[in-house]
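Colleague: Here are the chains, one letter per residue:
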Amino acid sequence: MKFTHKRAGALGALVVTAALVLAGCGSSDDSSSSGSTTKASGPISVTFLPKNLGNPYFDTSDKGGNAAVTEFGGKYSQVGPDTGTPDAQVPFINTAAQQGVKALVVSANDPKAICDALNEARKAGTKVVTFDSDTDPSCRDLFINQATAEGIAKVQVDMIAKDVNDAGEVAILSASANATNQNSWIDLMKKDLAANHPNIKLVDTVYGNDDDQTSFDKTAALLQSHPQLKGIISPTTVGIAAAARYISTSDYKGKVAVTGLGTPNQMRKYVEDGTVTQFALWNPEDLGYLAAWGAKALVDGTITGKTGDKFTAGKLGEFTVGDGASVLLGDPFVFNKANIGQFNF
Amino acid sequence: MARTYAAHAKPAWQRLLLTREVAVIALLVVVVLYARARVPNFSGPLTLPYLLLDAAPVLLIALPMTLVIITGEIDLSVASVVGLSSVMVGLLHQHGMSIPLAAVVAVVVGVVCGAFNGFLVAYVGLPSLAVTIGTLALYRGIAVGLLGTKAVTDFPDRWTSLATDRIGDTQLPLVVIPIVVLAVGFAVLLHFSTFGRGIFDIGLNRETAHFSGVDVARTKLLLFVMSGAVAAFAGIFYTLRYGSSRGDNATGLELQVVAAVLLGGVSIFGGRGALHGVVAGVLLIGVISSALRLQDVTVNVINIIIGLLLIASVMSTSVLGWVATLRPPGSSTKGQLGSSSAPERVDATSRKEER
Numbered sequence: 001m002k003f004t005h006k007r008a009g010a011l012g013a014l015v016v017t018a019a020l021v022l023a024g025c026g027s028s029d030d031s032s033s034s035g036s037t038t039k040a041s042g043p044i045s046v047t048f049l050p051k052n053l054g055n056p057y058f059d060t061s062d063k064g065g066n067a068a069v070t071e072f073g074g075k076y077s078q079v080g081p082d083t084g085t086p087d088a089q090v091p092f093i094n095t096a097a098q099q100g101v102k103a104l105v106v107s108a109n110d111p112k113a114i115c116d117a118l119n120e121a122r123k124a125g126t127k128v129v130t131f132d133s134d135t136d137p138s139c140r141d142l143f144i145n146q147a148t149a150e151g152i153a154k155v156q157v158d159m160i161a162k163d164v165n166d167a168g169e170v171a172i173l174s175a176s177a178n179a180t181n182q183n184s185w186i187d188l189m190k191k192d193l194a195a196n197h198p199n200i201k202l203v204d205t206v207y208g209n210d211d212d213q214t215s216f217d218k219t220a221a222l223l224q225s226h227p228q229l230k231g232i233i234s235p236t237t238v239g240i241a242a243a244a245r246y247i248s249t250s251d252y253k254g255k256v257a258v259t260g261l262g263t264p265n266q267m268r269k270y271v272e273d274g275t276v277t278q279f280a281l282w283n284p285e286d287l288g289y290l291a292a293w294g295a296k297a298l299v300d301g302t303i304t305g306k307t308g309d310k311f312t313a314g315k316l317g318e319f320t321v322g323d324g325a326s327v328l329l330g331d332p333f334v335f336n337k338a339n340i341g342q343f344n345f
Numbered sequence: 001m002a003r004t005y006a007a008h009a010k011p012a013w014q015r016l017l018l019t020r021e022v023a024v025i026a027l028l029v030v031v032v033l034y035a036r037a038r039v040p041n042f043s044g045p046l047t048l049p050y051l052l053l054d055a056a057p058v059l060l061i062a063l064p065m066t067l068v069i070i071t072g073e074i075d076l077s078v079a080s081v082v083g084l085s086s087v088m089v090g091l092l093h094q095h096g097m098s099i100p101l102a103a104v105v106a107v108v109v110g111v112v113c114g115a116f117n118g119f120l121v122a123y124v125g126l127p128s129l130a131v132t133i134g135t136l137a138l139y140r141g142i143a144v145g146l147l148g149t150k151a152v153t154d155f156p157d158r159w160t161s162l163a164t165d166r167i168g169d170t171q172l173p174l175v176v177i178p179i180v181v182l183a184v185g186f187a188v189l190l191h192f193s194t195f196g197r198g199i200f201d202i203g204l205n206r207e208t209a210h211f212s213g214v215d216v217a218r219t220k221l222l223l224f225v226m227s228g229a230v231a232a233f234a235g236i237f238y239t240l241r242y243g244s245s246r247g248d249n250a251t252g253l254e255l256q257v258v259a260a261v262l263l264g265g266v267s268i269f270g271g272r273g274a275l276h277g278v279v280a281g282v283l284l285i286g287v288i289s290s291a292l293r294l295q296d297v298t299v300n301v302i303n304i305i306i307g308l309l310l311i312a313s314v315m316s317t318s319v320l321g322w323v324a325t326l327r328p329p330g331s332s333t334k335g336q337l338g339s340s341s342a343p344e345r346v347d348a349t350s351r352k353e354e355r
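Residue numbers (UniProt numbering), protein chains in the order written: chain A, 1 to 345; chain B, 1 to 355.
Hints listed in this document are in silico derivations from the structure and should not be mistaken for laboratory results.
Please note that a few of the clues may not be correct.
Said to hold, decoys possible - Simulated crosslink set (DSS-like; lysine-lysine; CA at most 27 Å straight-line): (1) B:Lys150 - A:Lys201; (2) A:Lys310 - A:Lys75; (3) A:Lys75 - A:Lys63; (4) A:Lys253 - A:Lys269; (5) B:Lys150 - A:Lys154; (6) A:Lys154 - A:Lys253; (7) A:Lys63 - A:Lys269; (8) B:Lys150 - A:Lys190; (9) A:Lys63 - A:Lys315; (10) A:Lys337 - A:Lys162; (11) A:Lys75 - A:Lys123; (12) A:Lys191 - B:Lys150.
Said to hold, decoys possible - A partial selection of chain B residues facing chain A, derived with a Cβ cut-off under 8 Å: (13) Trp159; (14) Thr160; (15) Asp165; (16) Gly243; (17) Thr298; (18) Asn300.
We put the CB at the ideal spot given by N, CA and C, even for glycine.
Just chain A, same shape as in the assembly:
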């Protein structure tokens, strides 16, 4: 062991010693004696926790949330991890519980993994609203459903059937393999295809993990391994944009159809150059907006999550809580060359 160079810092070390002595008196964290756990009454604080930051979809939804929170005079903040993994969301849920925010609006990366953390936050008095991607119903107070799974699955099957003239090989490019909503849509799409479109053959499902580069590479791999492929369904905004980008610059343009769920600003170019004829989505801005109003209704006690509870969501009007403490935003919307110009998100 050496103690080199330390003499040079002797003065600093004196300060260090003094601090250590102080430490003996004052650093017993575990005593909650300061006990300031009381929630100061004031503006309703709402924290948005998307799957990950820097995702244009959540930037849009959280913008809607911010607008709603501003309308009812609350305090808005947005936090989140840089990767879309469940363990990365937990520290942010914990932080919200520590801060004693009134409501936390979450899009879950995993239906179970963040449950304990959410329930601890609820125990500390925070109302939990999930939107976009739900958790187990036991871990939240309200789920804002963007559209029914049946509606979303149906609109995507209808679009691909039209694109490939109801015959041929198609494949799915999804988000992560654990994504709650994507998986339930895929199951329903498979059933719908088997029942109503016997000539369409689903040959593969691949996962781009909602990462642009991964999705791009998976698209390339799909086209290589299935030379007869006629269409790709990507039920995720990151995936559909990456797939369309790959196809628009390749020889497959015009031969392989791309459709799924996308945002108008991301897809505008590909709709205009003919790579994509149509795609669907709900309005994420409205979704975030509705989630924030739902959070306020919970905090105010207007609703408790009981079936039949009603609340007003600003400009969107009145909504009713359905089964499983969920609120439905509405039907998916199909974007095409004719109407895409009217949208900017």
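For this one, chain A is given, so just place chain B on it according to the hints.
Modeller: Frame of chain A; chain B shown alone:
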């Protein structure tokens, strides 16, 4: 064996207190006091348990990592072992095995992973940096291959809540118990045993250690095995805490561990370091991230701040050394410094020749 350093001429209190470890501990104390005074909600009752739960995997893995780095080696495969252990627990649970039994199997897998690293490094003589970068990919590949891109999440509540339960009425999570036991165990091993002196000797100069009777290969093998076993244990905790077994669990954790170990005053070249510094280093990073998150600082900014802190801490050694050389010649201090820093320089050159 008794070694004499010129530095030992200094009074004992100086030798004990004027160290980098104490500086890190002091910084930790200062940051905690500052955060308690200035950061809203930091002094609330939830801060400590959350902080410890978040830091627990890094803290656990940092203990054996400290010993490995002091021998001048490194184990970058630890996060992949966490992932593999997590997948083992998930798969075995899915096939009906009880959680404790699955946990034992996972630790055995960790031991095997560590032994493979250790064998290649100690007996085949390959550089650990290369070996463990290889096994980082290998073990992660096996983990993802075994479970695919699925996740196992249906763990019994009894076990998942065990991972977050507190000890009695305190705010301390249960995981603090194994952490303290392991920390004390590794501290005794490193600082108060012949084996531990061998670890420092290897880090200072492998040849000299060999000729003075240290079984270099066996020591390294054992350290890699310990690293694998503890990483596997951390993987079990990780799985139960998040109630989720996934192949990509804890991706990138190895860099957090190495960063914390270096921040705690361990020399990346080996031969220098102490466990209390490392524990303080891990907690320092935890406290800073926690305090910044409470103020809604984004994760990217937090990463930047911790990165800068690490660079500053590594630089401080060099800067202090440079300042020391500016001392007027003939002062007694200079003589002491010169003689005591000699082994490291010799060591650095001999290392280059070996590789």
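Colleague: Which of the listed hints are not met by the structure?
Modeller: The structure breaks hints 13 and 15; every other hint is satisfied.
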